[in-house]
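With these hints in hand, go ahead and build the complete structure from the sequences.
Using full-length UniProt numbering, you'd call the opening residue of the sequence shown number 1 and step up by one each time.
Keep in mind that the hints were calculated from the coordinates and are not lab data.
Cβ pair distances, simulated, as ranges: (1) Val-151 <-> Asp-206: 32 to 42 Å; (2) Ser-245 <-> Thr-186: 49 to 59 Å; (3) Ala-96 <-> His-253: 36 to 46 Å; (4) Leu-71 <-> Phe-156: 26 to 36 Å; (5) Ser-245 <-> Ala-160: 25 to 35 Å; (6) Ala-160 <-> Phe-99: 36 to 46 Å; (7) Lys-79 <-> Thr-186: 48 to 58 Å; (8) Leu-87 <-> Ala-161: 24 to 34 Å; (9) Glu-210 <-> Leu-86: 37 to 47 Å; (10) Phe-159 <-> Tyr-74: 35 to 45 Å; (11) Ser-245 <-> Val-212: 48 to 58 Å; (12) Glu-210 <-> Lys-248: 48 to 58 Å; (13) Val-151 <-> Ala-96: 34 to 44 Å; (14) Arg-140 <-> Glu-210: 48 to 58 Å.
With a cut-off of at most 27 Å between alpha-carbon atoms, the simulated DSS-like pairs for lysine-lysine come out as follows: (15) Lys-146 <-> Lys-79; (16) Lys-248 <-> Lys-143; (17) Lys-146 <-> Lys-254; (18) Lys-150 <-> Lys-80; (19) Lys-80 <-> Lys-143; (20) Lys-254 <-> Lys-143; (21) Lys-150 <-> Lys-254; (22) Lys-146 <-> Lys-252.
Built from N, CA and C at the ideal position, the CB exists for glycine as well.
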Amino acid sequence: AWFTLVFFSVTVSILVFGLSTTNIYSLQDSTKHNASEAEKEDHLANTTLFRHCVLWTDFASNLILFIDFLLQLYSCPNKKEFAFNLLNYIDLLVSALIFHIVYSDLSRVNGHEDIMGPSIFKYVYALRALRLFRLLMHTRGMKIIKLCIKVNFIEFLFFAALFLTCACIFAAVIYFAEQGKNSEFTDFFESIWWALITLTTVGYGDKVPESVFGHVIGTMAAFSGILIGTIPIVVISSNYGNFYSCYKVRDKHKKSSLPVKNFEEGKASQKKKQKCNNSGGIGCSKF
1 AWFTLVFFSV
11 TVSILVFGLS
21 TTNIYSLQDS
31 TKHNASEAEK
41 EDHLANTTLF
51 RHCVLWTDFA
61 SNLILFIDFL
71 LQLYSCPNKK
81 EFAFNLLNYI
91 DLLVSALIFH
101 IVYSDLSRVN
111 GHEDIMGPSI
121 FKYVYALRAL
131 RLFRLLMHTR
141 GMKIIKLCIK
151 VNFIEFLFFA
161 ALFLTCACIF
171 AAVIYFAEQG
181 KNSEFTDFFE
191 SIWWALITLT
201 TVGYGDKVPE
211 SVFGHVIGTM
221 AAFSGILIGT
231 IPIVVISSNY
241 GNFYSCYKVR
251 DKHKKSSLPV
261 KNFEEGKASQ
271 KKKQKCNNSG
281 GIGCSKF
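Below, the structure written as C-alpha cells:
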C-alpha cells in the first residue's frame, strides 16, 4: 500500500512539473489586447487559483516523498551505502527546492515574479523525474538489469571502446572525403558529431555528405552502427534470461521453505535419526 502511494506521488509530481511548463500555469495575461480590465483581472484570478492548487498538490506529493525518504534513511541497514548514493542527495535537494518554491510563491501578494529563481534551480527542479527511476530500482526487472551490467561491465567497456573507435575512423574518413569550399564538415569534431549520430542511426540531418564517396561512407557507418548495437543487446538478453530464471527458483524456494524455528527442529530431528541409524537402532525404539 505504501509503495502504491509513493508511486502515485511520484506520478503526480511529474505531472505537476509538466503542468508548470504550460501557458495555463503562467501568470502572464494571455487574453486579447482589447479585453476589458475586468476580464483581465478575472483571467489573472483564475490563473492564480489554478497555480496555487497545483502548488499545494505538488507540496502534498512532495511531503509524502520526503517522508518516504526519511523512512528509508531510518530503516536502511547500511547507512554508509545510503550516504554514498547520489540519487538520495538529488531527491533531498529536489524536495528542499519544492518546499522553497511553494513557500515563496504562496507568500507573494501579486505573484507575478518568476518562482523558479536562479537558472540552476530550473535544472535541479527538472531532476524530479529521476524519482521515477529511483522507484523503479526497487523492482525485480531493474535489479536484474543492474546485475547484468555489473557482471558484464568489461564487455560494455569493450563495446564503448569499439563504438568510439569506429566513430573516430568514420569521422576522419568523412572529413577528408567532404573537404571543399561549401563543406559542412569544417573540422574533425564536427565530423565526430556526424559519425556518432550516424552510428546510432538517429540521423538528425544537420550535416549531410554531398559527394558519392561521402554517401558510401555514410552507408557503411549506418550498417556498422546496427551491427555494433547488437552486442549489448545480445549480452543483456542472454544474461537477463539466466538471472531471471535464478530469481524465479529463489522465490519458489523461499515460498516453500520452512520457518526458522521449524527448520531448526527438523535439523535436530534429522541429526537424531542419523545417530540412531549409526547405532543400529539401539535405544531409539519407542517400545
